[in-house]
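K.L.:
Each chain, letter by letter, is given below.
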Amino acid sequence: MSALAGVRVIDFGQYLAGPFGPMILADLGADVIKVEPVTGDGMRPVTKPFVGCQRGKRAVALNLKDPRGVELALRLVATADVVHHNMTVGVADRLGIGYEACRAVKPDIVYCNTYAYGRQGPLAHFGGLDPLFQASAGIEWDQGPVEAGHPPLYLRFGMADTANAFASVVGCLLALLHQRRTGQGQELWTSLLDAAQWLEADTLLVEGEPRSRPPLDPGQCGLGPGYRLYATQEGWLQVAAVTPAQWRALCQAVGAPELAEVDPAAERERCEAVLSDRFATRTALGWSRLLDDAGVPNEVALDTNEGELVLFDADAERLGLVTDSPHATLGRLRQFGPLVQFSGTPARAERPPPRFGEHTREILAELGLTDAEIDELHTAGVVASPPDPYPWPV
Amino acid sequence: MTDALGGLRVLDLSWGPAGALGVLLLAEHGADVIKVEPPGGDPLRGYDGHAVWCRSRRSVTVNLKDPAGLEAFRRLAGTADVVVETFRPGVADRLGIGYDALSGANPRLVYCSCPGWPEGHRREHRPGWDALVQAASGQQWEQPGWRPGPVFLAVPLPSVAAMWLVAAGILAALVDRERTGRGRHVRTSLFQGVLAYTTQIWSWVPDGGSAYHAVMAKTHPPGIHQQMVFEVADRRWVHVSMMSGLPPRRSMDDVVGVGAEPTDAERFGMLSEAERAEFTARRTEAFRSWDRDALVAELRANHHAVEPIVPAGDALGAAGAPHPQLAANGMVVEVDDPALGRTTQVGVPVHLLGTPGAVRGPRPAAGEHNTEVFGELGYSDAEIARFTTAGEMGAA
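Chains A and B supply the protein sequences, listed in that same order. Heads up: the first sequence begins at -15 in the working numbering, then just goes up one per residue. Heads up: the second sequence begins at 36 in the working numbering, then just goes up one per residue.
Think of the hints as simulated: they come from the structure by calculation, not from any bench. Keep in mind it's a predicted model, so treat the numbers as computed, not measured. You may find that some hints are simply not true.
[Claimed, not checked] Okay, the calculated beta carbon distance ranges per label pair:
no.	chain 1	residue 1	chain 2	residue 2	range
1	B	Pro241	A	Gly304	37 to 45 Å
2	B	Asp269	A	Pro106	18 to 26 Å
3	B	Arg143	A	Ala257	54 to 62 Å
4	A	Glu191	B	Tyr82	43 to 51 Å
5	A	Glu292	B	Arg80	40 to 48 Å
6	B	Arg270	A	Gly315	49 to 57 Å
7	B	Arg80	A	Glu191	14 to 22 Å
8	A	Ala257	B	Ser415	55 to 63 Å
[Stated by the list, open to error] If you want the footprint, here are the derived chain B segments under chain A, 3+ residues with CB under 8 Å:
no.	stretch
9	374 to 388
10	394 to 403
By construction, the Cβ of each residue, glycine as well, lies at the ideal position given by its N, Cα and C atoms.
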């Protein structure tokens, strides 16, 4: 049995920050039902990000603008432990699936709404995408680095989206545990703004003045001579000489003994210039073996070829860090696997990201509807199953 | 019960941000967290960010190499619901404080391990510092830079992803324990933290073709979001979102004053190279004429979502008022740190309306609660003094 066996999640989210959290809950063993508009999740046309957020779910397509669609949604909620979505403030209430409506049909429901900015306050009515919150949190400033004269630099993959999704997972599990211990449900929320700021949790002010990490160098290599990337004759090497002994060993190993007793933080430029010249004389792999022998922590920076070397890495496969499953339109789909392992938990059969409406009939039947009733709901446009031809790439 | 985790005890053996911040998410929702440090204190205490990582908990010091210290820790673990450690695989077992050693006497124990590399991985015995995981996982190659090749990530992304995995894994196991009565060994790693960030781009299908695999591939210059970064007056910067969820009142270029109303060709990017250069120059000049805060206000008034691009401390108030919405969310908190003085830190990012979380207190001094915690287990002051101060615990 998986850790969240017996936990049911209704996922009304679309795009990325909403659906990603429920995917993690599915990884942890929850039965996640994706409730999708009859027009399809707006992210379906963008194949890669879409499949990255939908693994492990079943999908039902409901028209929430039809009262009968809302009624079906609430019948699903009545069977669930958690409701999760990323609608902007007020939208769920208007649709009839807000916290009060859900609590009326399931008094101990855990109800999670993720926002761009927050639940109330000066900017709560705004939506907005991931880049805003890399900007507000300082991530783009640090990565420029702007202090060294570069423009700010946006990091790929949606760091704030991911952080917000995880914050919502933690919130749902906190509330679910509380519900299991006390019988009390509750409402909770997270935001891209708050979660992104947590990626910079190290930041603090002392008497109102900022204290921060050592800055990234203009070449975007690292934080100091002992903790940075070096370009080599072939490839790049990341060095992490974090103790004085490791710094001395590094200087000896690369043939710069004159720097062994220098404080690398105090003479950053001089040390980096000398070491950069030395590292240019051998390959990254050659240096890595030499530094291993000298006891200096290091790794060659890996070019994964868009992830392929990780997705097909023998250790990653053996340890269950990747999944590989058949997919109706893609043929086969390989992704990173569950991110947390539990003792005593056998591997689960993986469910690929569901097609639009793939489980509409199955889920309505579970609610006790007859085939004739389900047919009639299809005809009336209240629910939908995969159309033929199928208009989306996934 | 007013806290989600009221009555639960967590022992935090971790070093570094992933374990400490993962535990912080539990501490500020009511768990009684006890940081367990070597007698000299956590070696990362000298780093300013440590004051945030390790707030809202108590601290004891224990010499785990001393049999009396090991026994005291095991007795303490008998009172715990959760233990968290970030040693390299095998180290906790060697010290006698691994999952198998502790769960025999306390089968309800949830035990979370978060090393740099997962147990069983060929790198499991190599050092797992954040930057090393950035490099060997491929994360440094995946991010854009101002030159070809890998770039160092200023934010320790493997660690600050793994922090969520630590908290989520522990909580899932605690939910499971309510059903089964048994704890579990929860395992994640900084490497799995990196994988969490690749969800949108690292997938593979055999016949996906170039169109599938090109979606969101790394590009030079960096992709669509980077093109919405604009320099304003005084070498300051803003980032405009491509959507705000609100119907715009005037277009962005109209608000900024780029010139004539944008044509459809401009709107949809169907310009010749020369026309594009001319348009970009006009737009750049228009943005540079604006005071940053005035432009942000004007764009927002016209329903465009925009943020100033700032150093991390600005959101907390380093440059004047804190970010107004961050403050409204209760995310800017004052903490009196015994070592640093009056500090401003980030608040609790998970907002439970029924059982709200809160900062419980500043980072404790190393061993501040030795007498209180071990006294409850029946140890005398003399015994406590011996195993909390003597010797040095070996580094992992």
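K.L.:
Please go over all the hints and tell whether each is borne out by the structure.
P.N.:
How the hints compare with the structure:
1. B:Pro241 / A:Gly304: 37 to 45 Å: violated, 21 Å
2. B:Asp269 / A:Pro106: 18 to 26 Å: holds, 24 Å
3. B:Arg143 / A:Ala257: 54 to 62 Å: holds, 57 Å
4. A:Glu191 / B:Tyr82: 43 to 51 Å: violated, 18 Å
5. A:Glu292 / B:Arg80: 40 to 48 Å: Holds, at about 41 Å.
6. B:Arg270 / A:Gly315: 49 to 57 Å: Since Arg270 (chain B) and Gly315 (chain A) have Cβ atoms about 50 Å apart, the given range 49 to 57 Å holds.
7. B:Arg80 / A:Glu191: 14 to 22 Å: holds, 20 Å
8. A:Ala257 / B:Ser415: 55 to 63 Å: holds, 58 Å
9. 374 to 388: The restraint on the stretch 374 to 388 of chain B holds, since 13 of its residues have a Cβ under 8 Å from chain A and three suffice.
10. 394 to 403: Coverage by chain A is violated for the stretch 394 to 403 of chain B (0 residues, Cβ < 8 Å).
Checked against the numbered hints above, the structure breaks hints 1, 4 and 10 and satisfies the rest.
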